[in-house]
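Once you have looked at the hints, place chain B with the ligands on chain A.
Here the protein sequences line up with chains A and B, keeping their order.
Quick note, in the numbering used here, the first sequence goes up one by one and the last residue is 693.
Quick note, in the numbering used here, the second sequence goes up one by one and the last residue is 332.
Take the hints with a grain of salt, since some may be wrong.
Partial list, computed: chain B residues near chain A (C-beta under 10 Å) [as the list claims (entries may be wrong)]:
(1) T64
(2) Q90
(3) V103
(4) A107
(5) R110
(6) Y111
(7) P118
(8) G134
(9) H135
(10) I252
Keep in mind the hints are simulated off the structure, nothing from the lab.
We put the CB at the ideal spot given by N, CA and C, even for glycine.
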Amino acid sequence: MLGRQTMDHEHLASLYRQMLLIRRLEEEAARAYAMGKIGGFLHLYIGQEAVGVGACATLTRDDYVVTTYRDHGIAIAKGMAPGAMMAELYGKATGCSGGLGGSMHMFDKPNNMLGGHGIIGGHIPLGVGAAFASKYNKDGRVTLCFFGDGAVSIQGFHEGVSLAALWKLPIVFICENNEYSMGTPLSRTLSQTDVSLKAVGYGIPHDRFFATDVLEVEQRIGQAVERARNESMPTLVEVRTYRFRGHSMSDPGKYRTAAELEEQKQKDPLIQARLKLELGWDAAKLAALEASVEAEVEAAVKFAEDSPEPDASVLEPTTYDGPFAS
Amino acid sequence: MTQMNMVQAINSALRHEMKRDDRVVVLGEDVGKVGGVFRVTQGLFDEFGDDRVIDTPLSEGGIIGCAIGMALYGLVPVPEIQFSDFIFPAYDQIVSELAKFRYRSGGEYPSKLVIRTPVGGGIRGGHYHSQSPESLFIHVAGLKVVCPSNPHDAKGLLLASIRDPDPVLFFEPKRIYRAAKGDVPDEDYTVPIGKAAISREGKHVTMIAWGAMLYEALAAADQAAEQGVDCEVIDLRTLWPVDIDTIIESVKKTGRVVVVHEAPKTCGFGAELIALINEKAFLHLEAPPVRVTGFDTPFPYTLENEYLPLAHRILPAVLETARY
Ligand SMILES: Cc1ncc(C[n+]2csc(CCOP(=O)(O)OP(=O)(O)O)c2C)c(N)n1
Ligand SMILES: [Mg+2]
Numbered sequence: 368m369l370g371r372q373t374m375d376h377e378h379l380a381s382l383y384r385q386m387l388l389i390r391r392l393e394e395e396a397a398r399a400y401a402m403g404k405i406g407g408f409l410h411l412y413i414g415q416e417a418v419g420v421g422a423c424a425t426l427t428r429d430d431y432v433v434t435t436y437r438d439h440g441i442a443i444a445k446g447m448a449p450g451a452m453m454a455e456l457y458g459k460a461t462g463c464s465g466g467l468g469g470s471m472h473m474f475d476k477p478n479n480m481l482g483g484h485g486i487i488g489g490h491i492p493l494g495v496g497a498a499f500a501s502k503y504n505k506d507g508r509v510t511l512c513f514f515g516d517g518a519v520s521i522q523g524f525h526e527g528v529s530l531a532a533l534w535k536l537p538i539v540f541i542c543e544n545n546e547y548s549m550g551t552p553l554s555r556t557l558s559q560t561d562v563s564l565k566a567v568g569y570g571i572p573h574d575r576f577f578a579t580d581v582l583e584v585e586q587r588i589g590q591a592v593e594r595a596r597n598e599s600m601p602t603l604v605e606v607r608t609y610r611f612r613g614h615s616m617s618d619p620g621k622y623r624t625a626a627e628l629e630e631q632k633q634k635d636p637l638i639q640a641r642l643k644l645e646l647g648w649d650a651a652k653l654a655a656l657e658a659s660v661e662a663e664v665e666a667a668v669k670f671a672e673d674s675p676e677p678d679a680s681v682l683e684p685t686t687y688d689g690p691f692a693s
Numbered sequence: 009m010t011q012m013n014m015v016q017a018i019n020s021a022l023r024h025e026m027k028r029d030d031r032v033v034v035l036g037e038d039v040g041k042v043g044g045v046f047r048v049t050q051g052l053f054d055e056f057g058d059d060r061v062i063d064t065p066l067s068e069g070g071i072i073g074c075a076i077g078m079a080l081y082g083l084v085p086v087p088e089i090q091f092s093d094f095i096f097p098a099y100d101q102i103v104s105e106l107a108k109f110r111y112r113s114g115g116e117y118p119s120k121l122v123i124r125t126p127v128g129g130g131i132r133g134g135h136y137h138s139q140s141p142e143s144l145f146i147h148v149a150g151l152k153v154v155c156p157s158n159p160h161d162a163k164g165l166l167l168a169s170i171r172d173p174d175p176v177l178f179f180e181p182k183r184i185y186r187a188a189k190g191d192v193p194d195e196d197y198t199v200p201i202g203k204a205a206i207s208r209e210g211k212h213v214t215m216i217a218w219g220a221m222l223y224e225a226l227a228a229a230d231q232a233a234e235q236g237v238d239c240e241v242i243d244l245r246t247l248w249p250v251d252i253d254t255i256i257e258s259v260k261k262t263g264r265v266v267v268v269h270e271a272p273k274t275c276g277f278g279a280e281l282i283a284l285i286n287e288k289a290f291l292h293l294e295a296p297p298v299r300v301t302g303f304d305t306p307f308p309y310t311l312e313n314e315y316l317p318l319a320h321r322i323l324p325a326v327l328e329t330a331r332y
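Just chain B, same shape as in the assembly:
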């Protein structure tokens, strides 16, 4: 075991897999010599050389399109998109090509790659360095979507993603890149895709969160406990395919649900989660499911602490749900 933060854990997963499998290549803007703007790929350029750790021009469509072609040829590319806000020039490649390749070619060409990209608010980045576009990818059939909340899961999920036969969007919550620390195994391990974790057990209210907002949900749960409300907190870890069984099991126990996410409310992933809960556990519900989310506006530069669903916004929703 080694104590690491998220950046170190992701770096260690990349290094581990590049050593193990020489089909794995990393590409993106400033990922080579500079080691990435968040230093996630630091040291890989020196260790593996410029044909495996590739500095690209500023060209997201080119990066992802080219990575898809590499994958068709059997390489395992792990492109980095510098911020998930900059993924949209590549959205066409992801939606039109990557997500459909396996299906379109009757399974002959499993275009498989892992797109790593920082996500979410917390650095006062404003409109273009704060967004959470996960639902835009969950909606596209053919993609898996992952978002870890701690170093152990970050490394284990990245290794699982690289070894998974499907394309994976790997969202890294930048707010906790360095703040979340924990023990990470030195030996080979994976965290299975599609499996949520119960971060806190409880019997009154089920809270569902992921990434950086997990910690806000846990903080709200601590505060709720002082008022006699006992929350169960689920860390989704994989957003798609979602671990609906774990969610339903918890909801059957509590009958009350609060979903927390940074993305705007309308058509955010919370909407899908609540629809699934209604379909599968309607008769167990004791209160209307609630969403605590970002607002339906662009992510503002100021008012970040109002816009984000931080504990001070989650707690009242939890108490209201508990007392409904």
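Bound conformation, chain A alone:
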């Protein structure tokens, strides 16, 4: 009994470590953005880490993940090296997309991370195609396809879910419902705000829950992943969550009240996980874990700072004769 509890804490600690790593990397990214070292668009995952970390904990390295532009956390949870992520944000040649993509383009082939995607809904049929290929190849892999609550109004969502349901593909659709699509609350853009019910029309299973406890996310997504792996049956899962920062760095978030934000921060899944570890795990181990995260974040920032910019020669045609030929 005691042994099992210790084991659970070890596991929780590994999930906490990933959540903390993501949180700290993004806090540093926000700082670099404020200093002009990162430009353009930077959509932070802060507050939502339990979704990506809990969900990716159910996967093997070979399983596929595809997501939106809010992609840093999910890429890290799928195994991307923090340095490659940070360098991409800095627009450096050592970034995962050679510095030419930036924040919304986190690709990592060794970990089957099929990218962040900037066009809402565009990636959902792509995830379905990956799941089709898994079924075709009988390789037992599962695809997790993440998207925001805003995406369920666009064609790509419906086309994707419709095909996956028809062809019974090994995929889990994960709607990260953070209640807002940019500055507009879900209640003003959806007639039925229970997103999971969209599954009914396509005849596939669905689930809906809050992402306060990363272990619960892991367990609930795990059920859908097993269904995909063992029965080749897709599931639509709506995970209720909240982003603590604005939509992107340029959004002060004036469309929501300070009280609402404060209430949500009380439920911060990162803090919840830490409280459990404080109560049931070794304090020295916890301190060491947090110190190791700090070191990893520092190394990632240094790697990005020290890396070179891409050379202007990459502005040649991008057919297979161009610089991306391989």
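Frame of chain A, contents of chain B with the ligands only:
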């Protein structure tokens, strides 16, 4: 006259026309309560209410398709597409329905609306917040395409677009949304669609530009002048129907042409402009027409200042053309 930037001028045109004509409605993502991501529709929701300033779900195909239906019924919708990079889910509606409605219905249903959308680079937006897709719309018969470079023209052209009987794509260069300032008349006025402006007179080289790149062409012209090359700079303002007469008149005078645009070179609008110049003024040319454009790659996140045809890339092309 009031001093305004582009955002204020466009906002003022929308407000003016909504007051004047209650068939005009605005719709799009975050255009209502929030006032749009660039704040172009700020205040309209409070002034005109949620049945005329409509927050839509994230659904470009739905926004444009629905706007087409509104127009068939006689409303005058002015939908906003948040960035022109996000217009493609609606491209089917624009190409298959909007552009052909008048023709297909034998003129019975003039589906008329104005699609406003920010365009171009300059904010380090990378692949999906920087593109210039104008030629993809110019190529589609049935559409008019407009791209102003200053607040006066922005307001006057938007009013003309809303009153025009054809569908109009109204591209707003986001790089100069706040940077371009100028006096804007308070009273009713329009800037005619299909009429270019000569922004600078000169006799050695004709430069053709529009939107944010106009300022780069003008800067290059100043630098060229220091080296004795006198450039004429044409601000197209309307891309289609293009004011070919103004262009040809200038080319007949200079015999030398440099076209500047942000979009990739291949099949960009510059190709069509140069084809027209060859057709109409071939024997007046003293040098091969030149294009200074974006590269034939996706718009990169880094190297933005290399990718864009800024003055440092325009000047050498102008000097080479002048000395050819
Ligand atoms: C086709 C398309 N239209 C518009 C946009 C602009 N846009 C980017 S994010 C966003 C809101 C998305 O909200 P949601 O799906 O809830 O995801 P969240 O940002 O909350 O994670 C919008 C409108 C886009 N990227 N793609
Ligand atoms: Mg959302």
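**OP:** Tell me if R110 (chain B) is really an interface residue toward chain A, meaning its C-beta lies closer than 10 Å to one of theirs.
**Re:** Hint on R110 (chain B): violated, closest Cβ of chain A at ~26 Å, above 10 Å.
Subject >> Restraint outcome when H135 (chain B) is required to lie within 10 Å of chain A by C-beta distance >> reply: Interface hint status for H135 (chain B): holds (6 Å vs cutoff 10 Å).
Original post:
Close enough to count: is the Cβ of A107 (chain B) nearer than 10 Å to one in chain A?
Top reply: It is violated, given that the least Cβ distance between A107 (chain B) and chain A is near 20 Å, above 10 Å.
Subject >> chain A contact restraint on T64 (chain B) - CB to CB distance below 10 Å >> reply: Status holds, d = 7 Å.
**OP:** With a cut-off of 10 Å on the beta carbons, see whether Y111 (chain B) makes it to chain A.
**Re:** violated (26 Å)
Subject >> Hint check, V103 (chain B) versus chain A [nearest Cβ-Cβ separation less than 10 Å] >> reply: violated (16 Å)
Original post:
Given G134 (chain B) as an interface hint, is the shortest Cβ-Cβ distance to chain A below 10 Å?
Top reply: At 5 Å from the nearest chain A Cβ, G134 (chain B) passes the 10 Å test, so the hint holds.
Subject >> chain A contact restraint for I252 (chain B) - C-beta distance below 10 Å >> reply: violated (30 Å)
Original post:
Should the interface hint for Q90 (chain B) be scored as holding, given a Cβ-Cβ cut-off of 10 Å against chain A?
Top reply: Nearest chain A Cβ about 8 Å off; hint holds.
Original post:
How about P118 (chain B): closest beta carbon in chain A under 10 Å, or not?
Top reply: Hint violated; P118 (chain B) Cβ to chain A Cβ min 27 Å, cut 10 Å.
Hints 3, 4, 5, 6, 7, 10 from the earlier list are contradicted by this structure; the remaining hints agree with it.
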